[in-house]
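Participant: Residue strings, one per chain:
Number of protein chains: 2
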Amino acid sequence: MNNSPDTLHQQWLYTSHPTATVSAEHYTLHKQPLDTALDRDEVLIAARYISVDPYMRINQSSKPTYNPEPHALHTVQTAGVVGQVLASNAASLKAGDWVFGMTGWQSHARVHVSSLTKIDPAIAPVSTALGVLGMPGRTAWFGLTEAGKPHAGEVVVVSGAAGAVGSLVVQFAKRHGAKVLGIAGGAEKCAWLTDKLGANWALDYKAFADADALSQQIQALTGGVDVYFDNVGGMVTDAIIPIIKRRARIIICGQISQYNGGLDVPEMGPRLLHHMLYQRATIQGILARDYLHRMDEMLAIVAPWVKAGELVFEETVIDGFEQLPAALNSLFTGEHRGKLLVRV
Amino acid sequence: MNNSPDTLHQQWLYTSHPTATVSAEHYTLHKQPLDTALDRDEVLIAARYISVDPYMRINQSSKPTYNPEPHALHTVQTAGVVGQVLASNAASLKAGDWVFGMTGWQSHARVHVSSLTKIDPAIAPVSTALGVLGMPGRTAWFGLTEAGKPHAGEVVVVSGAAGAVGSLVVQFAKRHGAKVLGIAGGAEKCAWLTDKLGANWALDYKAFADADALSQQIQALTGGVDVYFDNVGGMVTDAIIPIIKRRARIIICGQISQYNGGLDVPEMGPRLLHHMLYQRATIQGILARDYLHRMDEMLAIVAPWVKAGELVFEETVIDGFEQLPAALNSLFTGEHRGKLLVRV
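Which chain is which? The protein sequence lines are A and B, in order. Just so you know, we're using my numbering here: the first sequence kicks off at 1 and counts up by one. Just so you know, we're using my numbering here: the second sequence kicks off at 345 and counts up by one.
Just chain A, same shape as in the assembly:
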């Protein structure tokens, strides 16, 4: 929790475009006195947990991505935030209430009440509004159920399986009765996938010399892939597409292996689309925003599992507002498990 007096308004401004890895040099810390004036229906919140997510790097690409324009320079980095109400001119919120809002990388925000969602701390830790009960949970749930359409007995392979989205996809797929292979970087993450998340198999992609070797091992373990939930792209995808089964569904949720430069100047890889033809398979790109209006459907199913302690939703928490750029950078080095958060 933040014990500092609420008189200083700190903001991380995005001030230069990265061409490779994003780090602190692309941000500038801006400090100003906190303005506590509120208009009608406005709320002043103090950030308690601030999110860092791979999508932030996508929108720093110089080319059009999910938005036509890159993130504007010299503005506060866009981000999901869990905060507490300090003062409210709105009837529906009072001081001390917990809220979620897209208020970005700043210590405080003065916003219209309509841009905030109240969080009930009785359901789950409030930080889950940035994870299993928030954007990553929604992405995992709808990506798997709407695009992946897994059936009991099918083989679901998840790349980036130890990440915020992947770790949920592993568990959601198991609940559908699928046999699940998680792919992650490092033996420790793999042990976590099988021992804690219930994956049938886990493979450390770093332990394989190339895509062919990884492909052979996946084939040997699973007999072929019905659903591939892809968070990473690159070599792991090269290993999987040649061993998809008939009518396989491939969900492109992320391509994190390509974010440090490959979005602007694409990396080269083997042409694989002929396999789509042989297997009459489908590749579908998904984005969390497309399911925002259906959040209640996900929460109705997943929140009871969270409340009952039936889902593992690990968080890696970094303390300190000043750590935000470094935390974003560390998403791409892959050492964290589950959802990466900064606590203010």
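Keep in mind that the hints are not guaranteed to be accurate.
[What the hints assert, rightly or not] Result set (EDC-like, lysine to aspartate or glutamate): computed pairs, CA atoms no more than 16 Å apart in a straight line:
(1) 245(A) <-> 413(B)
(2) 550(B) <-> 532(B)
(3) 63(A) <-> 556(B)
(4) 407(B) <-> 212(A)
(5) 462(B) <-> 548(B)
(6) 179(A) <-> 195(A)
(7) 94(A) <-> 39(A)
(8) 651(B) <-> 464(B)
(9) 518(B) <-> 654(B)
(10) 118(A) <-> 69(A)
(11) 589(B) <-> 69(A)
(12) 407(B) <-> 611(B)
[Unchecked claim] Negatives, chain B to chain A, calculated, CB over 10 Å:
(13) 357
(14) 365
(15) 367
(16) 376
(17) 383
(18) 430
(19) 458
(20) 542
(21) 544
(22) 550
(23) 640
(24) 650
(25) 673
[Said to hold, decoys possible] Covered, in the sense of this in silico footprint (three residues per stretch, anywhere, with C-beta under 8 Å from a C-beta of chain A), are these stretches of chain B:
(26) 567 to 581
(27) 602 to 608
(28) 615 to 628
By construction, these hints were calculated from the structure, which means they are not laboratory data. Ideal Cβ positions, reconstructed from N, Cα and C, are used throughout, including at glycine.
Since the structure of chain A is provided, determine the placement of chain B on it from the hints.
Facilitator: Chain B in isolation, oriented as in the chain A frame:
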């Protein structure tokens, strides 16, 4: 028509796997006296038109493709055939009747009546059973309508647009009210696409230095792509995927640019799957066989257009049974327009 006496049974046997381009050296001509004996419900047919299709080269790949095993060596090349009944022990067919069957590259075939489909020559030229009213028509119709789902006002781009399937997709898409760009090799084919098939635009991919240049021109003409019906893959696909629009549908019907070697040892190309994410787009592989049981749905719509002369279904006819391997080879040099057939 075949005026030779029906005493000689000629067969093209597939006798060696190509590693690059397929040609006559991979086939052996086998001749034997024609056996005219017939069991109950058997029919003796003489081939009149024999098909050559790109899928034949796919099944010569050493790796699993749409079939788990490559085409067996020392067997007659699989192919669709339009023939005439010479003799029949089946009640439903009599001498002189026209039939379609998958009897392969041979001058005659003795088959069970259940493997033949009777053709009504009053509807259209009988050769159309290998083209617009056969497998290519079915592929174009269901690939476009079921996977492409084009809407009026949308932009449909067709690669291999002067080919057997592509030339139909162009016309079917126009009938859906779409704006259609056909991509083909050479100015003559492009003129045919706009002047005869009604394409809004046509581009000769050979006139562009690279995928980026082609991409810019497609973007300038169309403003972006809603549906991409892909018969070729490679550089044309590299040009199109970066300019797909939101919820674009990409149909992988063929990847002919990859068939001469790239199926076994994939060619390298730029990684493009991140665009699927940005646009929440779909890639779907389709295969004609999956719609075989729905042939009547296609015929009910398309056959009246053919009979009324409202569709262009050009055929390039090569005369002579001995020309079959050379005709197959010429599919990959791209000089023909529409459906390529060998007349026996």
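Participant: Now, for every hint given, state plainly whether the structure supports it.
Facilitator: Verification of the hints:
1. 245(A) <-> 413(B): 15 Å, holds
2. 550(B) <-> 532(B): 12 Å, holds
3. 63(A) <-> 556(B): 14 Å, holds
4. 407(B) <-> 212(A): 14 Å, holds
5. 462(B) <-> 548(B): Violated, at about 39 Å.
6. 179(A) <-> 195(A): 15 Å, holds
7. 94(A) <-> 39(A): 15 Å, holds
8. 651(B) <-> 464(B): 12 Å, holds
9. 518(B) <-> 654(B): The given pair, whose Cα atoms are some 12 Å apart, holds under the 16 Å limit.
10. 118(A) <-> 69(A): With a Cα-Cα distance of about 30 Å, the restraint between residue 118(A) and residue 69(A) is violated, given a limit of 16 Å.
11. 589(B) <-> 69(A): 15 Å, holds
12. 407(B) <-> 611(B): Judged against 16 Å, a Cα distance of about 15 Å means the pair holds.
13. 357: 25 Å, holds
14. 365: The assertion about residue 365(B) holds, with a minimum of 17 Å to chain A.
15. 367: 21 Å, holds
16. 376: Its Cβ never comes within 10 Å of chain A, the nearest being 35 Å, so this holds.
17. 383: 35 Å, holds
18. 430: 37 Å, holds
19. 458: 26 Å, holds
20. 542: For residue 542(B), whose nearest Cβ neighbour in chain A is about 27 Å away, the distance exceeds 10 Å, so it holds.
21. 544: 24 Å, holds
22. 550: 19 Å, holds
23. 640: With a cut-off of 10 Å, residue 640(B) remains clear of chain A, as the shortest Cβ separation is near 21 Å.
24. 650: Holds: least Cβ distance 27 Å, greater than 10 Å.
25. 673: 20 Å, holds
26. 567 to 581: holds (count 4)
27. 602 to 608: holds (count 3)
28. 615 to 628: With 14 residues close enough to chain A, the hint holds.
Of the hints listed earlier, those the structure fails to meet are numbers 5 and 10, in rising order.
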